[in-house]
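So you can see what is in the structure, the chains are spelled out below.
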Amino acid sequence: MANDKPLVRFEDIQKSYDGVTLVIKSLNMNVARGEFLTMLGPSGSGKTTCLMMLAGFEPATHGEIYLDDRPINHIPPHKRGIGMVFQNYALFPHMTISENLAFPLEVRRMQKPEREQRVKKALEMVQLEGFGDRRPGQLSGGQKQRVAVARALVFDPELVLMDEPLGALDKNLREQMQYEIKHIHENLGVTVVYVTHDQSEALTMSNRVAIFDAGVIQQLDPPDILYERPENAFVANFIGENNRLFGTVLEASGDSCKVEIDGGHGTIQANPINIDGVGKRTTLSLRPERVTVNPEPGSLPNMFDAQVKELIYLGDHIRTRVSVCGHDDFIVKIPNSSTHALLKTGETARIGWNVEDCRALDQSD
Amino acid sequence: MAQIDSASNIEQPLTTADGVPLKVSLQRTLRRQKIVALSLVAPLFLFILFSFLFPIGDMLLRSIDNTIVPSELPQTTKLLQNWNEQSGELPNEAVYAALAADIKKGAKSKTINRTGKRLNYEYSGFSSLFRKSARRVQRLKADKVESYRKELIKIDKKWGNIKFWQVLKRESGIRTASYYLAAFDAETNEKGEAVFKPENERIYVNLFGRTLLLSFFITLMTVLLGYPIAFLLASLPTRISNLLMILVLLPFWTSLLVRTSSWIALLQKEGIINDFLVALNIIDSSNRLSLIHNSTGTVIAMTHILLPFMVLPLFSVMKTIPPDFMRAARSLGATPFTAFRRIYMPNTIPGIGAGGILVFILAIGYYITPALVGGTDGTFISNFIAYHISTSLNWGLAAALGALLLLLVLALYLLYDKIVGIDNMKLG
Ligand SMILES: Nc1ncnc2c1ncn2[C@@H]1O[C@H](COP(=O)(O)OP(=O)(O)OP(=O)(O)O)[C@@H](O)[C@H]1O
Ligand SMILES: [Mg+2]
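So the sequences go chain by chain: A and B.
The numbers in this note's numbering rise by one with no breaks, and the one at position 244 of the first sequence is 244.
The numbers in this note's numbering rise by one with no breaks, and the one at position 189 of the second sequence is 189.
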């Protein structure tokens, strides 16, 4: 890309509302031009706060935010030229849809003919031609959300912020809107910083996802990396389904380590990603789909006897809960196909997995 | 089977499982709820009926009531029907005889003075005329009187004045419009037409005008002063705004009389404000401002007293405006002022409307404050209603003025409904 400087740069941002606790603890993050970056994290982790600082509604307690290499801490929101979509739409109820869309153009003193043309184009973009004369109260939730998106884009901002824009919609509509927003992002090439609670939304829409917890970015990577190579126990647990085993590192060497499972349930060969050293505690993370049922004897380094506790039929796969290494909630996904043997409740089976699929991460509780 | 039937025969009324029509069954279940609801409402309804609706109805009737004249002077009023008041001639002897008989009867039961008083509202002179006549008519010996007309005119020559007879004839029905005419500063001329009184005798139309004008000023002042306060309260965290709200409500918990009297202490010629201005040499001691016992005093004191009625609806409306509205407007490029003017303000109009109509309606009926601080040019229509009820005892006129006030409020309410819509009103 010709211009590979980041569009947004957070530099050592800290934020405290009350002077006692830090809601954001030292945030460093770049957003590339044209990127779709999602902030994902549990409630209260500071996602909205980040967005508010970027939009200019909350001052940073420490650090500087750069937009296009320009420090913006002292630029008021209306001069930042950043579009914003709010969770509850924030459409102005006393104006029609057209007036809502024309508002950002009017305050920019755009001439009426151009304004009208832009409003028309924006309505077309979100497939709401003919709704211009209605008031927000006369639209459905999904339609309101589309208007909110159109309004945030109608003045051609380079950057659009969206704070849980689909949070109030039901599941079907949400999926449809995800697709539409993604589509608009690709067509316009606009940079989007998106906040959500919903991990599948984050994974399907984003170029990169920043996982927030307790005011710290735990990991910032493309969705596939986040899923395949989580760097710590929080991310492994937060993204996708995950079997966790706790133990102590017995020995570590290059790309493998030996971990003794708590309670004397044997040792596991694991992939040392984020361990503190021999003798320290660790969390082992293993995706359910990486577990092989009835492997050839000697084909895998980790093999254990597992007792089948529960089978849940999910169509394309069978979710199987087994008891292994003293762990009762160990999940194995068995694809529903002729090549895979199906287990029965109560029987004992052999399961196994590879060293690199079992990631030894930091200690967690 | 039954399901298939009801599905295929849509035209047939739906029934419940045991064959009772659905509507009947529904009404049966709703009846109990209705009875409960009614019995909950009943005590208040009865209270309002007897303490509010009946008295108002009675007042409305009183404003057109004239039964006293036909019932005290039954024969006279009956015979007067045949007399042509435009003829320029006095009534005939029979009418005079009937009058003498009516007065004699009234004098015995001591009710004749009330009739005189009633007619005195129409034309002054009637009161003394009836008092005098009652005293003297009793002394007339029926067998010695050859002409009642002569005797009565001898008692008081007003009985020879056709004007008095015209008024008596006009007011001989059981209903009268004269109170309303008086309330409009109008009277009936010799030809029986309603005309406005001469300019210098008009009171009430000007008074209504002044009441409306001052009320409008007061409402305007409460908007100007209340809006920023409500805005502040609505944007502060709840804990602090609740605390400050107590300050707004404080006037509610203080006696109206105390508040008004403290304004007198503040505003009078030798009061704190004038002393202060003199001490600062802004005005000199010989021309201290007259801030009280005039319309200025009324506006100042009533603005203060009615302010909470503006702040509360405004606050409750502002509380419901999501902070995201202003944020959205700012992010779309509006300066704080534009965002306020184009987005915030229009969304507070229901609050302004509700507070405005509340303050205005309270103001035009206000009594105590204008009475205490209004002087002569700051009194309201209600002060005159009170005057007619307690001092001049002209209840008919008081009732007519009150009815007009009621009508005015209703008209304003309808006007408001037409312009803003009552549904848009939020009182909290
Ligand atoms: N205006 C405020 N004043 C004081 N504390 C605040 C304020 N806004 C947020 N906080 C606190 O800051 C922390 C982070 O809040 P933030 O709204 O950024 O979380 P979030 O990640 O957006 O959560 P959610 O997913 O629930 O929206 C929370 O602990 C919250 O209580
Ligand atoms: Mg949030």
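Calculated directly from the structure, the hints in this document are not laboratory data.
Please note that the accuracy of each hint is not assured.
In silico SDA-like pairs for lysine to any residue, Cα to Cα no more than 20 Å straight-line [as the list claims (entries may be wrong)]: (1) A:K79 x B:N347; (2) A:K79 x B:D324; (3) A:K79 x B:R327; (4) B:K319 x A:Q87; (5) B:K319 x B:N347; (6) B:K117 x B:S71.
So the derived label-pair ranges between C-beta atoms look like this [stated by the list, open to error]: (7) A:E356 x B:I240: 55 to 63 Å; (8) A:A168 x B:L244: 28 to 36 Å; (9) A:H74 x B:L244: 25 to 33 Å; (10) A:K171 x B:L407: 51 to 59 Å; (11) B:S235 x A:D12: 54 to 62 Å.
Far from chain A, by Cβ distances over 10 Å, these chain B residues were calculated [claimed, not checked]: (12) S25; (13) K157; (14) F325; (15) L332; (16) L358.
Predicted, not measured: the structure shown is a model, and the values here were computed from it.
Glycine is no exception: its CB is placed at the ideal position from the N, C-alpha and C atoms.
Hints, verified against the model:
| no. | hint | verdict |
| --- | --- | --- |
| 1 | A:K79 x B:N347 | violated, 24 Å |
| 2 | A:K79 x B:D324 | holds, 17 Å |
| 3 | A:K79 x B:R327 | holds, 13 Å |
| 4 | B:K319 x A:Q87 | holds, 19 Å |
| 5 | B:K319 x B:N347 | holds, 11 Å |
| 6 | B:K117 x B:S71 | holds, 15 Å |
| 7 | A:E356 x B:I240: 55 to 63 Å | holds, 57 Å |
| 8 | A:A168 x B:L244: 28 to 36 Å | holds, 33 Å |
| 9 | A:H74 x B:L244: 25 to 33 Å | holds, 31 Å |
| 10 | A:K171 x B:L407: 51 to 59 Å | holds, 58 Å |
| 11 | B:S235 x A:D12: 54 to 62 Å | violated, 31 Å |
| 12 | S25 | holds, 35 Å |
| 13 | K157 | holds, 74 Å |
| 14 | F325 | violated, 6 Å |
| 15 | L332 | violated, 4 Å |
| 16 | L358 | holds, 22 Å |
This entry does not satisfy hints 1, 11, 14, 15, going by the numbered hints stated previously.
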